Amino acid sequence: MSEPRIQTVRRIAALARLEVGEEEARGLGETFERILGHFQVLARLDVSALEDEVGPIRPAEQRRADRPALSFPVELALRGAPAREDDFYRVPKTVGGEE
Amino acid sequence: MKLVDSAYVSPKTGKRWIPVIGLEVHCQLKTRTKLFCGCEYTFGASPNSLTCPVCTGQPGALPVLNEEALALAVRTAQALGAEVASESRFDRKNYFYCDLPKGYQISQFDRPYCKGGGIALANGRFVRLARIHMEEDAGKAIHDRGDATLVDLNRAGVPLIESVTEADIQSAADAQEYLAALKEILQYTGASDCDMEKGSLRCDVNISVHPPGEPWRTKVEIKNLNSFRYVGAAIEHEIARQVAAYESEDPSRYPVQETRLYDPQRGETRSMRGKESAHDYRYMPDPDLPLVHVDAAFLERQRAHLPELPAARRERYEKQYGLTPTDAGVLTSERAVADFFEAVVRAGGRAKEASNWIQNELLRWVGDQELGLERFDELQLRPSELAEVVDLVERGTIQNQAGRKLLREMAKSGRPAKVLVQELGLEQVQDAGRIEEWCRAALVGKEKVIADVRAGKEAALNALLGPVLKLSGGKANVQLVRETLKRLIAETEPPLNP
Amino acid sequence: MRPYTELDASALREEVAAGHRSAVQTVEECFARIDALDAQLGVFLSTERALARSRAAQIDAQLARGEPAGPLCGVPVALKANMCLEGFEANCGSRMLAGWRAPYSATFAQRLLDAGAIPVGMTNMDEFAMGSSSENSAFHVSRNPWSREHTPGGSSSGSAVAVAAGLVPLAFGSDTGGSVRQPAALCGIHGFKPSWGRVSRYGLIAFGSSLDQVSPFARSTRDLELAMGVISGRDERDATCMDENALQPIVPDDERSLAGVSIGVPREYLPDSDTGEVAQCVRAALESLRALGAELREISLPHTAYAIPTYYVIATAEASSNLARYDGVRYGLRVEGSGSLQSMFAATRGAGFGAEVKRRILLGTYVLSEGYHDEWYGRALKVRTLVARDFEQAFEEVDLVAGPTSPTTAFRLGERAADPVAMYQADVLTVPASLAGLPAISTPCGFGAGTPRLPIGLQLVGPARSDARVLRVARAFEAATAHSKERPPLALEPAR
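Top to bottom, those sequences are chains A, B and C.
Counting from 1, position 90 in the first sequence corresponds to residue 94 in the numbering used here; the numbering is continuous, with no gaps.
Counting from 1, position 458 in the second sequence corresponds to residue 484 in the numbering used here; the numbering is continuous, with no gaps.
Counting from 1, position 217 in the third sequence corresponds to residue 276 in the numbering used here; the numbering is continuous, with no gaps.
Honestly, the hints are just simulated from the structure, not real lab data.
Keep in mind that this is a model prediction, so the values were computed, not measured.
Mixed in with the good hints there might be a few duds.
Unchecked claim - From chain B, some residues computed to sit far from chain C (all C-beta separations above 10 angstroms):
{"hint": "1", "residue": "T82"}
{"hint": "2", "residue": "Q84"}
{"hint": "3", "residue": "N120"}
{"hint": "4", "residue": "K128"}
{"hint": "5", "residue": "G129"}
{"hint": "6", "residue": "V190"}
{"hint": "7", "residue": "G239"}
{"hint": "8", "residue": "S274"}
{"hint": "9", "residue": "D306"}
{"hint": "10", "residue": "D314"}
{"hint": "11", "residue": "D321"}
{"hint": "12", "residue": "R329"}
{"hint": "13", "residue": "D417"}
{"hint": "14", "residue": "K444"}
{"hint": "15", "residue": "E449"}
Said to hold, decoys possible - Think about it this way: if two alpha-carbon atoms lie no more than 20 angstroms apart in a straight line, the pair counts; the simulated EDC-like pairs of lysine to aspartate or glutamate are:
{"hint": "16", "chain 1": "B", "residue 1": "K119", "chain 2": "C", "residue 2": "E455"}
{"hint": "17", "chain 1": "B", "residue 1": "K166", "chain 2": "A", "residue 2": "D90"}
{"hint": "18", "chain 1": "C", "residue 1": "K441", "chain 2": "A", "residue 2": "D70"}
{"hint": "19", "chain 1": "C", "residue 1": "K441", "chain 2": "B", "residue 2": "E188"}
{"hint": "20", "chain 1": "A", "residue 1": "K97", "chain 2": "B", "residue 2": "D173"}
{"hint": "21", "chain 1": "B", "residue 1": "K431", "chain 2": "B", "residue 2": "D365"}
{"hint": "22", "chain 1": "B", "residue 1": "K38", "chain 2": "B", "residue 2": "E188"}
{"hint": "23", "chain 1": "B", "residue 1": "K209", "chain 2": "B", "residue 2": "E188"}
{"hint": "24", "chain 1": "B", "residue 1": "K166", "chain 2": "A", "residue 2": "D91"}
{"hint": "25", "chain 1": "C", "residue 1": "K441", "chain 2": "A", "residue 2": "D91"}
{"hint": "26", "chain 1": "B", "residue 1": "K56", "chain 2": "A", "residue 2": "D70"}
{"hint": "27", "chain 1": "C", "residue 1": "K441", "chain 2": "A", "residue 2": "E89"}
{"hint": "28", "chain 1": "A", "residue 1": "K97", "chain 2": "B", "residue 2": "D170"}
{"hint": "29", "chain 1": "B", "residue 1": "K166", "chain 2": "A", "residue 2": "E89"}
{"hint": "30", "chain 1": "B", "residue 1": "K119", "chain 2": "C", "residue 2": "E429"}
To be verified - Okay, the calculated bits of chain A under chain B, using three or more residues with CB under 8 angstroms as the criterion:
{"hint": "31", "stretch": "33–41"}
{"hint": "32", "stretch": "70–77"}
Yeah, the Cβ is synthetic: ideal placement off N, Cα and C, and Gly gets one too.
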């Protein structure tokens, strides 16, 4: 990892939408670098002939018929919502797009 | 075939610029339930009434692919002459937004289910498809209610296919023609109802311009285009904007890679955000979904569901029924209309006449009822009923005008033609005596017309047909009326001293 | 009537079904045991006594009406707090989901209910199943019943302790990289991770989806079989669930013989140079297997050294995506931030997740991010294939692979908390089977040399889908040895 580690942590934390404090970022940056250092062994293997499969187990494919199932009652859907307005989830005002 | 030159000529400098345009079209598949769960989706349902653990991203919930969505997606690919992958994969596209319940959208990234295919335009250009993939829709964020954004997740998880063209389009007209053809195919295959007002067809445009012979320049994406008209207007505006920017020779004004929104009120595009942050969607294969396998038997089953497509139908109508290209075009523009036409013919109605009746009568009803063509099949008239009317007119049992009246009555009451002909007394009158009576009455005071006819103006006779038919309640045999009028005029004394 | 704590689930079920004890009485005995021990062991995050009592009464009424007794009739069970069961708090050991009650039930949990089991509560865990010691729980630690200074292992810490300390005969954890096998080993009980896809994951709150499996803890292998017979099998809500019927308990006709069974011992798991207490204990266990008729063979799994980094890259990548849904919009914690939507997301997640979860989300986000994706995540997927191929090749020669479950006995609480890299090493012997999706059991095989006495587990790994074979061999080992009969020395607190 050639970039300064705190900066990397800040960039990745922003991407992951994780607020981390100054102290925390420093601590995370340190272990982050150590962990990745240990994981460098992966680079030693030649994997050029391999496919990037999700996992070794290939489950038999299961699909569903286009048959309706019961939906949540609105109250159950919104029961856990930290903030609601009428039958909507309420969030801070945003202009649209994923920013 | 020589391709039409679609270069844009700058109004300021007279220089030629080549637009390079690609379209990304999101289309909602017409399944009963969502892509990965059993919630039904209906447009306009009350907020958050059509959700479940899966589509609200409850902890622990898992997606299971709706087979009908795959079937419709495959049929669309087949109709577009594309290649369906025997194995494809669902990926997660990770980003954060309030209408995205899981924090990722399940989509297909590097192994889409479909590649290739395309649509031929009338000008000879062929718009190639790069790919089509399946994905789930996000929910809806509502921004215009008070000081908060409100989220409705009914739409979250609705199945979409996104088709992406190569940059083979060079003008707004091409883009609109491509979209119309795509829409026609999606509706024909039953894959989508393509109702733009309900958001079931959405279009993004990628566009750049460059001088002839030079390399392509920076492309700009335009979003939020919810009608074909807007697509055309946005492309035209954007071409002009980009050309003007380059011609200003002020590099600070040159187009930058960005997303712009089309504002239909102002008829212009504007930048979506001040600074463009590059997206990093961190795509990864979705471990919750097995690879999607489509074998020969599945393809065959879907192909068997494929209707004859519009272009093939048009050709057949011309050959088999001797219709003009225009008539064939009108009839096939909507699958419901074409299906109706064919059903009339199957029921014994003559093709040419059936075509005329549909175009002159039924399509007008649709217009009057403001139904929209795709709801043609909601008319209260069966194809066999129209076939019967066509036949009655053909055999001379009733007159054209009576036929129109009959059709309306049948649609209104749902009662059989024969009964209505009797009841309404629509049967044609061939009785020479009664026809002469009506003709004499019609001639009264029409000296000018009579003079014209005498002077050899056959056509003037037409002015008398209407009144006679009116007097007869539309029942008089037109041929007899014509002959009777001519005879009466010939018999009348010419006026003295005209 | 035998004491509650001496009965395994199978025996308890027989007594309830035969009318020797009622389900109501059984749950009361369970609660009495919880009252006597939970305060010192930190097993439960929540108990649902009213619900359990009413279910028990319902079962008694059904039996009184002559209705057939389900396979888990009247058996109190505990679930790890990352499992959805309507009405229970599935907080995942996290502030993020504190107080969150699942609005639906996991498929396997519903099957438990249908079989007559009585869920009594949700057990402590490392936050979102990330950890090997219980120290990452946002609420409290759990303690090893053999020594309260020591960890019970993790992340399914509470469920392991619940069984080891006799609070319930059967409990469920989730095993992603060893989260059931390792605590089973450290607590001296049986823990079985099925083949990936054997048990539906619907309703198991995801950590690393391509690795997670619901896995039972028990004091006997027959209870593991009993549990698997109830919870395994095809589920239309999990597309990755095996298209097979439930795993049926084995008819124990020749359970003492392992004649004709060949067992491979990877030199990477048990090098000759290793003379530690765990290695010695496991070698003795292997001799017991040989005495039963099994043939032992040294084999090699050459990519073992790559398993830890491969596992951590893949599991954290999946976790970074799986945990993106905790954004303060639909459920769980919300912290407003500086007013914008995106700052609300960041503030919520910053406050809701603990240090280890954040570290793993960051790691997972990093290995998936542009410019690093191929080098890390893409490469790890491929190395995973190599790890799986090691096993495939081994299973051409042998029926099972055996070795230790954990390189050490339970470590002291606090000992590794500051060192994530050392903590990750605790998984070195369990993650290979996880990466390969294979069935694996940890079964008690003795104790360490020191004081206090701390348990050691023998791990048996089978080929894909050979869950029944793994259980059968473990059962033979259990029957031939006395290790499973050992119980921890516990001082009961006076009843409240």
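Holds or violated: K119 of chain B with E455 of chain C, Cα cutoff 20 angstroms?
Violated - the C-alpha atoms of E455 of chain C and K119 of chain B are around 39 angstroms apart, more than 20 angstroms.
With the threshold set at 20 angstroms, check whether the alpha-carbon distance from K119 of chain B to E429 of chain C stays at or below it.
holds, 13 angstroms
Does D314 of chain B clear chain C by more than 10 angstroms, comparing its Cβ with all Cβ atoms of that chain?
violated, 5 angstroms
State whether the coverage of the stretch 70–77 of chain A by chain B holds or is violated, taking the criterion as 3 or more residues with Cβ-Cβ distances under 8 angstroms.
Per the Cβ count (7), the hint holds.
Verify that the Cβ of G239 of chain B lies farther than 10 angstroms from every Cβ atom of chain C, and report whether the claim holds or is violated.
holds, 34 angstroms
Agreement of K97 of chain A and D170 of chain B with the hint, judged by alpha carbon distance not exceeding 20 angstroms:
holds, 9 angstroms
Are K56 of chain B and D70 of chain A close enough, with their CA atoms no more than 20 angstroms apart?
holds, 11 angstroms
Far enough from chain C: is every CB of that chain over 10 angstroms from the CB of T82 of chain B?
Non-interface label fails for T82 of chain B: nearest chain C Cβ at 6 angstroms, not farther than 10 angstroms.
Hint check: K166 of chain B vs D90 of chain A, CA-CA at most 20 angstroms. Holds or violated?
holds, 15 angstroms
Quick one, are K441 of chain C and D91 of chain A close enough, alpha carbons at most 20 angstroms?
Distance ~46 angstroms between K441 of chain C and D91 of chain A Cα, so the pair is violated.
Decide if the proposed pair is consistent with the structure: K97 of chain A and D173 of chain B, CA atoms, cutoff 20 angstroms inclusive.
holds, 6 angstroms
Taking 20 angstroms as the top limit, are the C-alpha atoms of K441 of chain C and E89 of chain A close enough?
violated, 47 angstroms
In this structure, the earlier hints numbered 1, 2, 3, 4, 5, 9, 10, 16, 18, 19, 21, 22, 25, 27 and 31 are contradicted, and the remaining ones agree with it.
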